[in-house]
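S.K.: Heads up: the protein sequence lines correspond to chains A and B, in order. Oh and the first sequence: position 148 is 148 in this note's numbering, straight run, nothing missing. One rule links them: number in this note's numbering = place in the second sequence (from 1) + 317.
Just so you know, these hints were derived from the structure itself, not from any lab. In this text, a Cβ means the ideal position worked out from N, Cα and C, and glycines have one as well. Warning: the hint list may mix true and false statements.
[Claimed, not checked] Covered stretches of chain B, going by a simulated chain A footprint (3 or more residues, C-beta under 8 Å): (1) 482-490; (2) 535-545.
[To be verified] Quick list of simulated restraints, FRET-style, between CB atoms: (3) B/G539 to A/D196: 37 to 43 Å; (4) A/R120 to B/D329: 48 to 54 Å; (5) A/K129 to B/A357: 28 to 34 Å; (6) B/M494 to A/G276: 55 to 61 Å; (7) A/S122 to B/I653: 55 to 61 Å; (8) B/D530 to A/R259: 32 to 38 Å; (9) A/R79 to B/A357: 48 to 54 Å; (10) A/K214 to B/Q353: 48 to 54 Å; (11) B/Q353 to A/S222: 54 to 60 Å; (12) A/K129 to B/Q353: 43 to 49 Å; (13) A/S208 to B/P602: 39 to 45 Å.
Spelled out from the first residue to the last, the chains are:
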Amino acid sequence: MLSRTASNLYWMARFVERAENTARVLDVAYRMSLVNRDPEVAEREWFAPLHITGTVFPFQGHYSTVNAHSVLTFMALDRDNPTSIIACAQQARDNARAVRVHLTTEMWEVINGTWLELQRFSERDLHNKPSAFFEWVKERSHLFRGVTSGTMHRSEASQFLRLGSSLERADNTARILDVKYHVVLPSLDDVGRAVDYYHWGAVLRSVSAFETYKRVYRDVISPMKVAELLLLREDFPRSLQYCMADVYSIIEQLAPEPRAEVLRMADEIYSRLRFGRVEQIFEGGLHEYLIDFLSRVNDVAGEIHNTYFRAPVILDE
Amino acid sequence: MKAFFNEMYQTDGAVRPHYSALLDWFDSQPPERIAQDRHAADLLFRKVGITFAVYGEGASTERLIPFDMLPHVIEGQQWDRLALGLKQRVVALNRFLHDIYHDQEILRAGKLPTDLVTGNSQFRAEMVGVDVPLDIYSHVAGIDLVRAGDGQHYVLEDNLRTPSGVSYMLENRRMMMRLYPELFAQQSIRPVEHYPDLLLDTLRSVSPRGNEDPTIVMLTPGIYNSAYFEHAFLAQQMGIELVEGQDLVVQDRTVYMRTTRGPKRVDVIYRRIDDDFLDPSVFRPDSVLGPAGLFDAYVAGNVTLSNAVGTGIADDKSIYPFVPEMIRFYLGEEPILPNVQTWLLRRPDDLAYALEHLPELVVKETQGSGGYGMLIGPASTKAEIEAYRRRILDAPERFIAQPTLELSVVPTYVDDERKPRHIDLRPFLLCGKKIQLVAGGLTRVAMKQDSLVVNSSQGGGVKDTWVLDQ
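In isolation and in its complexed conformation, chain B is listed as follows:
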């Protein structure tokens, strides 16, 4: 049995100081209150319609994400260090994106293999030489952090395309304040509610026209998308229009939205659809999610897409192992946050090692997401491992392997009892004129015992995240 880092208890069983007030309070509550509160929270979430769709279960399958009332608490000082590391990382990633689509200095310096970048399906040749406002590509980044057995935080994954989950962060906080206002009065918990203001500020700062009041819209694939609730929620919080592809039209390399009073020019599109679906005249011709001509308007500098086209090259899992090197190359600094050790199976030595150690490793597709299509060695049967081995051998370059991480645990209510469950943390970084983030992020929790998969599509739940000043 591996030693997990327990966020709440020290190894000697004592409660960590930043959890003690919280725990005392929960222990002083009558047990039936917890069950009632959970029921009340479920009802509220459902009534407000905070659901997500699950693919493969019919178009209208909507589920609630399980919400746990015990928050994930982080000490203020520790968070400040994490925040520095996160900022450092997204600065380097944005520099990398600009470089890769312009002079490719990092390739010429031999810091990472050229074919890994230019031969990657996430590399958008169409973006070479295209300038974007402030040279920023990923305006909204979600960086997944995990805390291993040694108590150290590692970056597990960068999400630089259309990271989701921030609405749950906001709704979880709103729910906690509704259920337990006294806890917030007692302690100094850093706020997260202003995230939509920061996001709007960021989007304004990358408007292509220097005008004071740019028209910003949120582009969603529509109501059947799994994250539709979040799209609608954020648009509402920012007071911007929520548009679908059919609402936009491009003329003279300029984007307009169709309104009841005629066309209106659009300056910034916070898009929550993938590159492939943005513009049928350039990318997938069968897409109806984005308007034809959008990319052309973008290249002409008449509209900003947020995030930029082609950011997938920087969060591809085969590029991930090189991020510490990017930080050194572009910033001349040592990375504050370490990566998880990673084997690239395109390398013969790494492949040989991985094939030998499959039962201990986690193997992922370089372009997978949402926890789909990965192998968790220790949790798999022999037959599953052998089947996965054949997939790897078919195309080793499509896989990476990592040690099975001993994700930290936080006590979580399961059937009215507190039980340790594994978590990860996704802070959201906003990059415009400034780099901004709210304290904490979305804590995801694997609700099943011993499970290491926290993705909502795989039955994961969520918790409020508190950054606590003492």
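Extracted from the complex, chain A is given alone in its bound form:
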């Protein structure tokens, strides 16, 4: 297929996934803020979503105070913020428009319909019921996933689409887990207390993992187990290992040749997750581990780009 088409499909999927995960990040921040009454702590808490999406500087250029209102507005509905939900929906649609030929009518209608509805969303709607808004964004993403799985021809096009989704999801799960690092507890005494417990619970809920956690561990919430579930489990669909297994298997099918660099890089990340131990990760620091992971994911994305989307034209003859 056309390199540009592959690139559009891949990015369309990434932006759909990113919009969903931004909603998840905001949801966890919002849930955490509900148990807190201290404005100073609140400011730190609302910094977290900005840190993990790397948008502190652009935010500060537009807003003077960090609070629920400003951060929600900036990350959900601000068109000048390229990572906001509305901007992701716009970019998903732009990419979808460019490859309409390869989408089913239903897929296009979900993407276009989401974009149309978002145009009508006001800041008041958002702040009145933030959770309802996040739910809606997630539902639209679920709908897109379902329609894609239920209607799209299984071809190279669907593989590039899945590649984008899985890679973006791995990146985003890592970022969500890192929220906890940025939300500093009110005091050291609080470690292991109710607030801490609530924070980890919010992280789990934000990636729809609360019930899974209970069923798998049958235990109270502990940071190490939360990390294990979200990083290393092979059977949880938002875990890093699960996502990277998918990325690896798609690249294996798409690889131009068995020794391709892109395949080696994907294999390396996947293997580290397969053979990693959560105790070791905590020894080196969870935050450090996540930062390293994000940079490796970024490198694979770069190599995907070089291999499939911008490959130089060299003719055999």
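Fit chain B to the known structure of chain A by using the hints.
M.R.: Quick look at chain B alone, frame taken from chain A:
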């Protein structure tokens, strides 16, 4: 007040026979159904994304073209005569293009002024002596027809470069069949749905390699182009790749597209970008819409461009008055479809006449399109006319003038009432091994009262077009 030809009613007020079944049916519907249907149609069009961009309103301004549910109906026999006239015309126009870029016999015979052709900015000197498959230049032609007060159809304009609008013809029909299937069951309406098959057939027939399965692509400027929806739609209907300039690369005078599995050779490019932007190494150097080297590959005969480079010389408005003469010269036939009377303002007599009669005339730039930059005398203020007069005097050769046409009217729903609105008709002709066209075309309607401008960029709407056999 001029007498307009009313497509639906005779002058005595009786309904014309080919409209009667349709009108009876609409009259038997509860009035609220019409409003509901229109709302449903708008929603559907928007959901499917049938929009067009409006230039000058920001890059992402998308609008729906107003769609009217009352179709424009043409009698089968009448259409057959129109179709003959249209075919005759595009055959002559293609012959003209071949001649102009080869022996220029028509110029040597003195049938039209040489400088009007060779001094025209639409004349592509690069095309002189270049052979194209089957000697056909305009594979897709849109010929604009209007029906005047005398009931006669005239050709208003030839569009031989990258005519657009055919996707609306197809979508309008799809919408009508969805809303009113019973109307189609009742009457014998000629189909239009096979247009993409005919188009694909035409493009295949001009492939430069005699191979069975040529690779055909649609070249679009991209998603911000006003007709992007149509490009994507047609590519999808034909099952061909929709490419942008960055997807194509030329090596050894051969065009390839970049794919995830390496380069793939391209045989025919149905391009929807202007000549100027095709190849930065030959035409505009700042263009990023087409790949460098494309024209060279084309001249070498390794790829077919559809339409050919340089067709603009045949649809230039200063050449238009000579089309009837082309038909006589190349085919030895009398034109079946007449032209609208036209004054070429490069001629001193014509200029003097036009300047004297500006309030009655329509004045157009020879190279304008889309209804931009024209003067409609009767609808303009004194100040506007004077301002336009100064533009004409600056460069009279850039203008033509025509009488203000009394375009025919078809009843159209405006605020749930039927009101007469002016229309024109753009049939699409496909020229390859055969000349083919589907019955009807795109009917455009001026939604504003008394307006004669049907262009979508100027607020015009569209209707389904029915060719009816009785």
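S.K.: State for each hint whether it applies.
M.R.: Structure-based check of all given hints:
no.: 1; hint: 482-490; in the structure: violated (count 0)
no.: 2; hint: 535-545; in the structure: holds (count 3)
no.: 3; hint: B/G539 to A/D196: 37 to 43 Å; in the structure: 51 Å, violated
no.: 4; hint: A/R120 to B/D329: 48 to 54 Å; in the structure: 50 Å, holds
no.: 5; hint: A/K129 to B/A357: 28 to 34 Å; in the structure: 30 Å, holds
no.: 6; hint: B/M494 to A/G276: 55 to 61 Å; in the structure: 59 Å, holds
no.: 7; hint: A/S122 to B/I653: 55 to 61 Å; in the structure: 59 Å, holds
no.: 8; hint: B/D530 to A/R259: 32 to 38 Å; in the structure: 33 Å, holds
no.: 9; hint: A/R79 to B/A357: 48 to 54 Å; in the structure: 31 Å, violated
no.: 10; hint: A/K214 to B/Q353: 48 to 54 Å; in the structure: 50 Å, holds
no.: 11; hint: B/Q353 to A/S222: 54 to 60 Å; in the structure: 59 Å, holds
no.: 12; hint: A/K129 to B/Q353: 43 to 49 Å; in the structure: 32 Å, violated
no.: 13; hint: A/S208 to B/P602: 39 to 45 Å; in the structure: 54 Å, violated
Checked against the numbered hints above, the structure breaks hints 1, 3, 9, 12, 13 and satisfies the rest.
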